[in-house]
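Trainee: Spelled out from the first residue to the last, the chains are:
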Amino acid sequence: MARRRAITGTKVLVLVVLGLIWLAPAYLMVVNAARPAGAYNPADAWSPAGSFELLSNMRRAWDDAGLGQSLGSTVLYSVLSPALAILIGALAGFSIVTLRLRHGFAWFMLIFGGTVFPAQMLLVPLFIAYSRLNLYDSRPGLILIYAAISVPFAAFVMRNFFTGVAFSIFEAARLDGASTARIFWRMYLPLSWSALVAIFVLEFTFTWNDLLFGMTLSQSPGIRPVMPAVSALQSDVYAGTPVPVALAVGLLVSIPAIALFMATQRFFTRGLTLGQL
Amino acid sequence: MTTRTPLRLTPPRVPAALAAGRRGRRGHGDRALFGRFRHGYIAPGALIVAGLLYLPFLWTVYLSFTNYDGLTPATWAGFANYRALLHDPALLTSIRNTLIWVAGTTLLPVGLGLLVAVLSYNLRGGAWLRLPFLLPYAFSGAGIGLVWGVLLSPGGTINHLLGFFHLPGASTPLLSYAPLNTIVLIIAMTWQQIGVNTLLFVVGLQSIPREPIEAAKIDGASGWSMFRRVIWPLLTPLTTVVVGLALVASLKTFDVVWVATQGGPGRSSETLAVTMYRDTFVADQYGYGSAVAVLLTVVTGVVSVIYLRQQLARREGLSG
Amino acid sequence: MRRRMRNVALGAVASVSVLAAIAGCGSSGGSSSATTGVTLKLYNDKGAWSPYFNQLGTMSKKDIGIGMSPVGYTDEPTYQAFIQASFHTNKKPDLFTWQTGGQLAEIAQLHQVANTTSIWQQGIADGDLPKGLEQYYTVGGQQYCVPLNVAYWGMFYNKAIFTKYGLTPPTNWTQFMHVAQVLKSHGVTPFYETDVLFSFVWFEQLLAGTDPQVYEQLSTGKASYTSPAVVNVMKMWQTMINDGYMSDPADKTDPSVMLKNGQVAMVPDGSWFNTSMTQQNLKPGVDYGYFIIPNVNPSLPKTSVILESGPLCSLVNAPDEAASMKYLKWWITPAAQQPWSSARGDASANPKVSVTGDTDLSTVMKNAGAGQYNLLLRYFEAAPPPVLAAALDAFGAFMVHPNSYMTQLQTIQQAQQTYWSSHQAGS
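Residue numbers (this note's numbering), protein chains in the order written: chain A, 1 to 277; chain B, 1001 to 1320; chain C, 2001 to 2427.
Isolated chain A, as found in the complex (with noise of 0.2 Å):
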């Protein structure tokens, strides 16, 4: 019992003190975000200012920044595109691993590739097809690329997690008479909730944290998504934007990603049961 709790203590202590490390950068971004705007010093850079100004500096930063029409995009985009991708990913993965696709692996190494290309590469021509299929600075085109870039994370894990399901939990369902789709639906779905959280709250964060295809692939303020019009006021050497409202803008275009993460820290605490009947 004692050797239990030796044990428990000294994996705390360990986490404490890790966990200390990592936020320590955090501090750091904080404390800056919240100086007086012509207050900051590199060489004092730890301390706390004498005010709490991160209220005024985010304020600014919205207004210099032009963020409240980008937001509701952003949202949109974050929400549905990796809902859409979690749910084209496990109708793949479900049918790899419990169909048993006939070249399964070949399929799942063609919807896998996606994520070989350097997107960077991907600009040009996809704004080229875009302009042509009139979904340049269109929702529905953001929604695809994001949805199309999301699918093969979303595929590999669920493809993973369903080989961690028994087998036989489908050949039963199949024995009394269901359908694969309300298998799929009903059973294998309900069964991977935690999978999908965590595939949902990292995809949601990439796609929110995009930069590069939301400024190539539109130009509207209200189909533009956030980080085009955050980042023009924290790199642009023209712009001589004080550090301190730079961070205050990264901190506050960081809400909606932290808040999802504290929200579905719950999912992750229960263990499963994945067909042991």
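Hints listed in this document are in silico derivations from the structure and should not be mistaken for laboratory results.
Wrong hints could be hidden among the right ones.
Claimed, not checked - To be clear about the criterion: a stretch of chain A counts as covered by chain B if any three or more of its residues have a C-beta under 8 Å from a C-beta of chain B, and this derived list gives those stretches:
id, stretch
1, 6-19
2, 57-65
3, 78-91
4, 95-107
5, 142-155
6, 203-216
7, 247-255
No residue lacks a Cβ here, since even glycine has one placed at the ideal position from N, Cα and C.
Model the placement of chains B and C on the given structure of chain A, informed by the hints.
Mentor: Relative to the frame of chain A, chains B and C by itself:
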């Protein structure tokens, strides 16, 4: 008696038709067991990926055989760009750096991610102890770049820390010399990416059934032997995901390097993706840059196939 | 519990899909506003100037009934690739920013850019455009685009530090180095340099002040990077680095922060740096000053000043050519240029415009307009892209290893030779 494969229930008795489908790939029980529309399940995925990711890349492949400069009509160049690849010293540095990235990424973010997941799992409040590792992934890119600029600047925080602990490097500008700058950037990326791996490993841990663990406990296993005999093998599906993704991502490393050093100084921290971007979009040599892109893609593809074939083939025939 | 969760999830996805479908119908960002008139899209790689562009857009709406809204990019290579790709599509920009020098010549020769010769000649006649600027916008005897901005590169200095050590802005090179010496002796780093993006600044400044002819010949392929004039410049730069006059080039701190906090006493930069100064709550003439860097070579007739000017262009097949041309015509008038310049605290191409409150810059603008300086196009625009890419890398490597200057010059020369062997000389 040690078992190295997970426990399995004996499957219920099934009628001949269904059993035939289970046995072979071309058994006529196939359709009966798996339904008629198997290909319909894979079609959306295959189509969306082929249409939006594969097709655009064909344009890059085409360009790699030309001398396109982004503006004037492309002129055919045959294999000239590929021949030039063999004589480019900057490409050699780039390949070397990319290899360091692959090694570093499969070690650090994967290893630490696993450590955090395993330590925090089944711990009261473990989810909260995990949170500091997940949050960096949520922060947007440029803000991270600013903060790490402060940390890594000459005379910055990390230099101070090294001096405080009397470690070497207190007065070395961390981003100016290769391969130190690559290693330092790998650390910065570890900070950001560990959350992804941790989360995936947690999902894997969650899906381990209780029975094998109970059985092993009865056998007297605990702690490290439990991990090695039961947990680690059962974690394999998600480990494959994490490592597979880490391989691909590390080969394609671009963002961290571009923001921090733009591949410099003097191209010493370039990775293949950075070289590709610089040659194509900065130097306006679309043809040559596309050849680098094709090289990078082929390497990534081959590595993925080799790794996944080995990993996934091992799993074939395990579930029923 | 699982079923409810799944139903909630499905419901969410369904409702978002419906929203998306509705949103999708009304998408493809309409380019005309609900009110009267056209709104032109101005594509630019100065994403941070969006607030200023928006101001001008409101103004132009009132003045000429044409609105303007910016589409900002922040990554210059991506922006260029996008604009070049758009030439082949039907999604052409109404207006876009570009670069003078070889880049402008390229798109002009491809007949992609609208001819603005009439605007220029009228502008010069009206005194809205200086004659000295014309050559940078001329290709094959015709003018294209109008100046988006004009900036002069000089030295920004921290007034408090100068006053503390009894220093005044130098008027010749001896004084210039003396100032650096005094600062160094008191433990203050005199100059700022960086190995990212602007790694060419000291190279161009020193070469322009030594042998401006060679500087210009480099950009047309008629001079070599290994010629004695260039080698001497690198030696000079090396000495300055080895004497400890330069800041650490790997330091990622923003130069405005370094100047404000006294980490460096002087920063060589374009006059648009005023915008950064203002953001840091620094006042021109009070907290900081600005002077033109004297020539290294005292026997040159005029002081060399690096000029940065970016064009604002309209496409030949723009969606609304007439509106775009009308906009360009309005852009060069004081009605547009005065607020454009004042908002950013920067110079303007229009000689009638003055910068209130900044006597240093106003003096420079007057002198430039009067032809007192030998204006040279900035290296970033003057060098062809492959050569520029090689040079930026080489200068960055040089700053880390100052003794390697010969190797670095040879690398650039290689790129120079490769480029000019397949291109006609003549920017």
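Trainee: Each of the hints needs a verdict: does it hold here or not?
Mentor: Going down the list of hints, with the structure as the test:
no. : hint    : verdict
1   : 6-19    : holds (count 9)
2   : 57-65   : violated (count 0)
3   : 78-91   : holds (count 3)
4   : 95-107  : holds (count 9)
5   : 142-155 : holds (count 9)
6   : 203-216 : holds (count 3)
7   : 247-255 : holds (count 6)
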